[in-house]
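Trainee: Going line by line, the protein sequences match chains A and B.
The opening residue of the first sequence carries number 50 in my numbering; numbering runs sequentially from there.
The opening residue of the second sequence carries number 50 in my numbering; numbering runs sequentially from there.
Calculated from the structure, these hints are not laboratory results.
Note that the structure is a prediction, hence the values are computed from the model and not measured.
Heads up, some of the hints might be wrong.
Simulated restraints, written as ranges between beta carbons of each label pair [stated by the list, open to error]:
1) A/Arg206 with B/Gly125: 21 to 29 Å
2) B/Glu99 with A/Arg199: 36 to 44 Å
3) A/Arg64 with B/Trp193: 23 to 31 Å
Below, in silico cross-link-like pairs of lysine to aspartate or glutamate (EDC-like), each with a Cα-Cα straight-line distance of 16 Å or less [said to hold, decoys possible]:
4) B/Lys51 with A/Glu55
5) B/Lys88 with A/Glu55
6) A/Lys105 with A/Asp171
Every residue gets a Cβ at the ideal spot worked out from N, C-alpha and C, and that includes glycine.
Number of protein chains: 2
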Amino acid sequence: MKFCSECGSAALEFRIPDGDTMARRVCTTCGAIHYQNPKVVVGCLPLWDEKVLLCKRAIEPRFGLWTLPAGFLENGETIFAAAARETLEEARARVEVGPLYTMISLPHISQVYVMFRARMLDLDFGAGPESLEVRLFAEDEIPWTEIAFRTITRTLRNFFLDRKLGAFPTRVSALERRVPREPALAGAG
Amino acid sequence: MKFCSECGSAALEFRIPDGDTMARRVCTTCGAIHYQNPKVVVGCLPLWDEKVLLCKRAIEPRFGLWTLPAGFLENGETIFAAAARETLEEARARVEVGPLYTMISLPHISQVYVMFRARMLDLDFGAGPESLEVRLFAEDEIPWTEIAFRTITRTLRNFFLDRKLGAFPTRVSALERRVPREPALAGAG
């Protein structure tokens, strides 16, 4: 933000407003306080028999890597509707959105991931404009070293573990800023 | 938004950008697309023995009505940290944040409520600057007709029901725009 969206002034400062506890962009011309808040990314884990539907990204970031269908929650939308919409847009797949499965805070990029389990209604799927390819994967086919985001790796790893255990509790967690890892551990979590 | 926050121009239009599916504010001077997304409200249900801690609001909206401690998730913050921070700010209470309990979409105001169960660590609580009064309530003392928000009524009603049933599954739901109700039903949901 370089200009005040209320009055157009460039006289913005970054300070803690009276009565607040966090620094905000404040317009010194009109007094408007500009709040910024985290975004919610909603998606699902579409299942057909024992297989999971993944999308190969056709956009940055992480072009060419695999992900579950997910995207930003829009104004005016429920989280259920967002999960179904993203799955239709990215994987051209129709799902019945099931129980909430993982919710993962990413404070360093101010995002919260919300992932549902979902049942595919048919096998009529394909690449939407943001995907290069969409495919069903059995557990032993998952391209673990080519997964686009740590939230997706965590959701998939939890899922295959919970499936062995026979229960899918809602799993709430956080991922902090990535620390450099040994190459041998890449893709491990 | 009346001016572009990137270039200060007032030449904004509301249209669907190329490749997008929803209308956004687009600057016709510099081309910036201004996205707006739902906000996350995080809070908790602080428990001491059989009682729940409620706050009487000292601010609008719903001045003078009772609520659970909750507020907007901030950039850079996990949902656990936000739940604890809001409880400290509004009720001056220290809690151990427990399992995720309710998650409620409010599409008509583009918010998502995320409420955790929480255990109060001590009885040293009191009104923060946004509260008139903070009090522990047993189930039969809850001021049902003076609860500030439907998300809070739903969370409290679910809680007392689930406590009788002996289990607290994560409950994900949505509340649409309020429809006028019979006065006799006010506070019922």
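Trainee: Does each hint hold? Answer for all of them.
Mentor: For each hint, the structure was consulted:
1. A/Arg206 with B/Gly125: 21 to 29 Å: 26 Å, holds
2. B/Glu99 with A/Arg199: 36 to 44 Å: 40 Å, holds
3. A/Arg64 with B/Trp193: 23 to 31 Å: Check failed, 41 Å falls outside 23 to 31 Å.
4. B/Lys51 with A/Glu55: 5 Å, holds
5. B/Lys88 with A/Glu55: Given that 16 Å is the threshold and the Cα spacing comes to 20 Å, the pair is violated.
6. A/Lys105 with A/Asp171: 20 Å, violated
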